[in-house]
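J.: Here the structure of chain A is known, so what remains is to put chain B with the ligands in place on it, guided by the hints.
One-letter residues, chain by chain:
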Amino acid sequence: MEKRDLENREVPLTALKDKETGKVTSIKAGRGIGRGKGWGFEKRLMDMGLTPGTEVTVVKSAPFHGPVEVLVRGSRLALGRGMAERIFVEIKP
Amino acid sequence: MTQKKLLIALAGNANVGKSVIFNYLTGLHQHIGNWPGKTVERAEGTLHYKGYTIDIIDLPGIYSLSTYSLEELVSRKYITVERPDIVINVVDASVLERNLFFTLQLMELETPMVIALNQIDMAKSKGIQIDVKKLEKLLGVPVLPTVAVKGVGITKLLEKAIETVEKGAVEKHPRAIYGEEVEERIEKLMPMLSNIHLLYPQRYAAIKLLEGDEEIEQEVSRIDKQIVAAAKKLADEIRSLHGHACSTVITSERYELAGCIARNAQKLVSPIKPTWSERLHNITTHRIGGYIVLASSLLLIFYAIFTFGGYTSELLNNFFYEWEPLVKGAVGAGIASELLWGGVIEGIIAGTTIVLPYIIPFYLILYFLENSGYLSRIAFLMDNVMHKMGLHGKAFIPLMLGYGCNVPACLGCRIMETHRERLLAAFVTTLVPCAARTVIILGLVGNFLGFQWALGLYVFNLVMIFALGRLAFKVVPGEPTALIMEMPDYRLPHAKTILKQTWFRVAEFIKIAFPLIIAGSLVLKLAEIAGLLEPITGVLSPVTVAWLGLPAVAGITLIFGILRKELALIMLAALLGTTNFALVLTPVQMVVFTLVAMFYIPCTATIAALVREFRWKKALFITVFEIVFAIFLGGIAFRLLTLFM
Ligand SMILES: Nc1nc2c(ncn2[C@@H]2O[C@H](COP(=O)(O)OP(=O)(O)OP(=O)(O)O)[C@@H](O)[C@H]2O)c(=O)[nH]1
Ligand SMILES: [Mg+2]
Numbered sequence: 003m004e005k006r007d008l009e010n011r012e013v014p015l016t017a018l019k020d021k022e023t024g025k026v027t028s029i030k031a032g033r034g035i036g037r038g039k040g041w042g043f044e045k046r047l048m049d050m051g052l053t054p055g056t057e058v059t060v061v062k063s064a065p066f067h068g069p070v071e072v073l074v075r076g077s078r079l080a081l082g083r084g085m086a087e088r089i090f091v092e093i094k095p
Numbered sequence: 004m005t006q007k008k009l010l011i012a013l014a015g016n017a018n019v020g021k022s023v024i025f026n027y028l029t030g031l032h033q034h035i036g037n038w039p040g041k042t043v044e045r046a047e048g049t050l051h052y053k054g055y056t057i058d059i060i061d062l063p064g065i066y067s068l069s070t071y072s073l074e075e076l077v078s079r080k081y082i083t084v085e086r087p088d089i090v091i092n093v094v095d096a097s098v099l100e101r102n103l104f105f106t107l108q109l110m111e112l113e114t115p116m117v118i119a120l121n122q123i124d125m126a127k128s129k130g131i132q133i134d135v136k137k138l139e140k141l142l143g144v145p146v147l148p149t150v151a152v153k154g155v156g157i158t159k160l161l162e163k164a165i166e167t168v169e170k171g172a173v174e175k176h177p178r179a180i181y182g183e184e185v186e187e188r189i190e191k192l193m194p195m196l197s198n199i200h201l202l203y204p205q206r207y208a209a210i211k212l213l214e215g216d217e218e219i220e221q222e223v224s225r226i227d228k229q230i231v232a233a234a235k236k237l238a239d240e241i242r243s244l245h246g247h248a249c250s251t252v253i254t255s256e257r258y259e260l261a262g263c264i265a266r267n268a269q270k271l272v273s274p275i276k277p278t279w280s281e282r283l284h285n286i287t288t289h290r291i292g293g294y295i296v297l298a299s300s301l302l303l304i305f306y307a308i309f310t311f312g313g314y315t316s317e318l319l320n321n322f323f324y325e326w327e328p329l330v331k332g333a334v335g336a337g338i339a340s341e342l343l344w345g346g347v348i349e350g351i352i353a354g355t356t357i358v359l360p361y362i363i364p365f366y367l368i369l370y371f372l373e374n375s376g377y378l379s380r381i382a383f384l385m386d387n388v389m390h391k392m393g394l395h396g397k398a399f400i401p402l403m404l405g406y407g408c409n410v411p412a413c414l415g416c417r418i419m420e421t422h423r424e425r426l427l428a429a430f431v432t433t434l435v436p437c438a439a440r441t442v443i444i445l446g447l448v449g450n451f452l453g454f455q456w457a458l459g460l461y462v463f464n465l466v467m468i469f470a471l472g473r474l475a476f477k478v479v480p481g482e483p484t485a486l487i488m489e490m491p492d493y494r495l496p497h498a499k500t501i502l503k504q505t506w507f508r509v510a511e512f513i514k515i516a517f518p519l520i521i522a523g524s525l526v527l528k529l530a531e532i533a534g535l536l537e538p539i540t541g542v543l544s545p546v547t548v549a550w551l552g553l554p555a556v557a558g559i560t561l562i563f564g565i566l567r568k569e570l571a572l573i574m575l576a577a578l579l580g581t582t583n584f585a586l587v588l589t590p591v592q593m594v595v596f597t598l599v600a601m602f603y604i605p606c607t608a609t610i611a612a613l614v615r616e617f618r619w620k621k622a623l624f625i626t627v628f629e630i631v632f633a634i635f636l637g638g639i640a641f642r643l644l645t646l647f648m
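So the sequence lines, in the order shown, correspond to chains A and B. Under this note's numbering, the first residue of the first sequence carries the number 3, and numbering increases by one thereafter. Under this note's numbering, the first residue of the second sequence carries the number 4, and numbering increases by one thereafter.
In isolation and in its complexed conformation, chain A is listed as follows:
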């Protein structure tokens, strides 16, 4: 599983090491979170600048599977681990 992902070079954001940069390929919705209609975390992420093709740099992640800190379009975001796992990126060679 892990290997195949690496071959396609499309991995979840959480697979990046600190200071590594990737290009967003897609955001996988997964089960709806929260209220029935969901609050559209995908849409929220995109509104904050994580659109496909955007470069994201992982700065660091908090210990014990804590949130991930990323830089995107000049702003610094904290993303919960569960959310970061659904953001897929292509590692820049």
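Don't read these hints as lab results, they were simulated from the structure. What you are looking at is a predicted structure, and each value in this text was computed from that prediction instead of being measured. It is possible that part of the hints are untrue.
[As the list claims (entries may be wrong)] Only part of the chain B face toward chain A is listed, based on derived beta-carbon distances under 10 angstroms:
| hint | residue |
| --- | --- |
| 1 | 97 |
| 2 | 200 |
| 3 | 397 |
[Stated by the list, open to error] Chain A is nowhere near these chain B residues, computed Cβ spacing over 10 angstroms in every case:
| hint | residue |
| --- | --- |
| 4 | 50 |
| 5 | 157 |
| 6 | 163 |
| 7 | 167 |
| 8 | 169 |
| 9 | 181 |
| 10 | 250 |
| 11 | 458 |
| 12 | 475 |
| 13 | 487 |
| 14 | 489 |
| 15 | 490 |
Glycine included, every Cβ here is placed at the ideal spot set by N, Cα and C.
T.: Chain B with the ligands in isolation, oriented as in the chain A frame:
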């Protein structure tokens, strides 16, 4: 004479400085701090300028004009339904690209607007230079540079806004152009919308239909279902052309455009110095160091307040009691003197010496932290812990605010995304000892038993918050949403902002608490003279004396504490006739009294906030639960502590 009226709305991303501008213009006190999501409800204020009566509206900060969050819907509705004469779009110059993404959407709404290019000082220190004229040309909207905290450029901004309205602003802005595939389909959709009446401009409605905006779909389908179906088909075409959902494509293209404008208008010169804010950020969010910094700064803060408060309190006390014989001598003995000294003056002394020395430094430090940007770092570090309570890191922000006052903290819980999370967060927030309870903890336990006891109570309180938070999570289960939060750069807090906010709090205390203290002391003294005190304390004594082991009068003061928590202690001083509590309370009684005061009930203002946010039933439930819990806990503590102390 016709009164010239204007309606101006402030809109923009979160944490860009809208409320600073609002406060500057209106002289009001909207919440200001360096974390996103403070303004949760629109605020209104008035201003008179050059013969105009201007209503200014401060809108919550949002990242987009879609309808995925309540704030976004509220802001969009406000702009389209209330139709302000002009919108001032406040933009953070140091994160231009993301801010312009919002600007482009506002332009699509075709509202008259001007742009306040705020925080240019921050941009400069990050090495970003913006060519204002060029940006103005690229957007086709007036742009005015401002440094809101210093008031720089605000008057010009206001004048420009008025001028733009007077000129009868250009109704159609040069619009954002999307890729060919998208534009083609917008063109196809627009004629279908030309015959129906909508709140929104045609082009905007067409774009939003392609994006699948639920609210607009509903509105259109009430008139003509076929348009929505047609839009869905067109959106599907885009999806198959691009391999991404149509809304994703449109968002991306809008961001591309924003990025392009930003890159064209700004120049990156290398930052003046490797920023201290960057270094501070790295230390305070470090995976180990961050927690050490957090724990030690909290410890330091409480210790500093304890030391300062204790020292100042004693100074003031000595000062006041020097006057006692003088005052008593002047009014003579008898009931009048008793009332004046015991009722009024004793209350004022207690209020001044017990409360002010603690709350003033406390608020200063809290507002300093809030304006520095540290709170969002704490939220980052505590995300994990909050998940255990069915929340996420952002909930730690209202929790920290709760140490100041529970009321704004309860409203601050709106930064959580779902109703369930807001309720859970508000519940744990009411358990946080606010400044008033800190007065009791430090002023009573800290002062008479030592700092370690006060610290022990704070730690115990945190443990209880965690335990009760987990319990509440069991009662209101559900999957927690995940954290998405911007961490704004650290900045040196602006001294005037902090002083103003602190003064506002202290003034509130003086205006509300002092009259209460005086009235309360008078009533108590009169009741005492009339012999009414005993019957009341008698009724309460099974709980206060038998179960909690407190002096009988504590029951009455705890009831006063419901109005404002600090009254519990002040009234105790007034009733016992001294602020030297060691003479009248045993150490165990001090701890038990403080424990009960810490948990027993949210104060009336907090209850009111809870009712507003969550309705009667839930507010009542929280209140009753906390009373029962505090009494239960106090009784147990009394029994256990008697064994050891
Ligand atoms: N250095 C600097 N700081 C500023 C400027 N304008 C605002 N700030 C600071 O930016 C922070 C956010 O300001 P607010 O007015 O509370 O922001 P807001 O847009 O109302 O934010 P929300 O209500 O959360 O949407 C505060 O800490 C301000 O002191 C500025 O021009 N320069
Ligand atoms: Mg605000």
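J.: Check the non-interface label on residue 489 of chain B: least C-beta distance to chain A beyond 10 angstroms or not.
T.: Incorrect as stated: the minimum Cβ-Cβ distance to chain A is 6 angstroms, not above 10 angstroms.
J.: Would residue 163 of chain B pass as off the interface with chain A, using Cβ distances and a cut of 10 angstroms?
T.: holds (26 angstroms)
J.: Grab the minimum C-beta distance from residue 200 of chain B to chain A and call the hint holds if it beats 10 angstroms, violated otherwise.
T.: Given a least distance of 27 angstroms, the restraint on residue 200 of chain B is violated.
J.: Closest CB-CB distance from residue 181 of chain B to chain A, is it above 10 angstroms?
T.: holds (13 angstroms)
J.: Could you let me know if the closest chain A CB is still more than 10 angstroms away from the CB of residue 490 of chain B?
T.: violated (5 angstroms)
J.: Against chain A, does residue 487 of chain B hold up as non-interface, every C-beta pair farther apart than 10 angstroms?
T.: violated (6 angstroms)
J.: Quick check for students: does the CB of residue 169 of chain B sit more than 10 angstroms from each CB in chain A?
T.: Per Cβ check, residue 169 of chain B is outside 10 angstroms of chain A; nearest 34 angstroms; holds.
J.: Is the nearest Cβ of chain A still more than 10 angstroms from the Cβ of residue 458 of chain B?
T.: Holds: least Cβ distance 25 angstroms, greater than 10 angstroms.
J.: Check the non-interface label on residue 475 of chain B: least C-beta distance to chain A beyond 10 angstroms or not.
T.: Holds: least Cβ distance 17 angstroms, greater than 10 angstroms.
J.: Per the stated criterion, does the least C-beta distance between residue 50 of chain B and chain A lie above 10 angstroms, as a non-interface residue requires?
T.: The claim holds: residue 50 of chain B sits with its nearest Cβ about 32 angstroms from chain A, beyond 10 angstroms.
J.: According to the definition I'm using, a residue is off the interface if its beta carbon is farther than 10 angstroms from all beta carbons of the partner; does residue 167 of chain B meet that for chain A?
T.: holds (27 angstroms)
J.: Does the CB of residue 397 of chain B sit less than 10 angstroms away from some CB of chain A?
T.: holds (9 angstroms)
Violated hints, in rising order: 2, 10, 13, 14, 15; the structure is consistent with all others.
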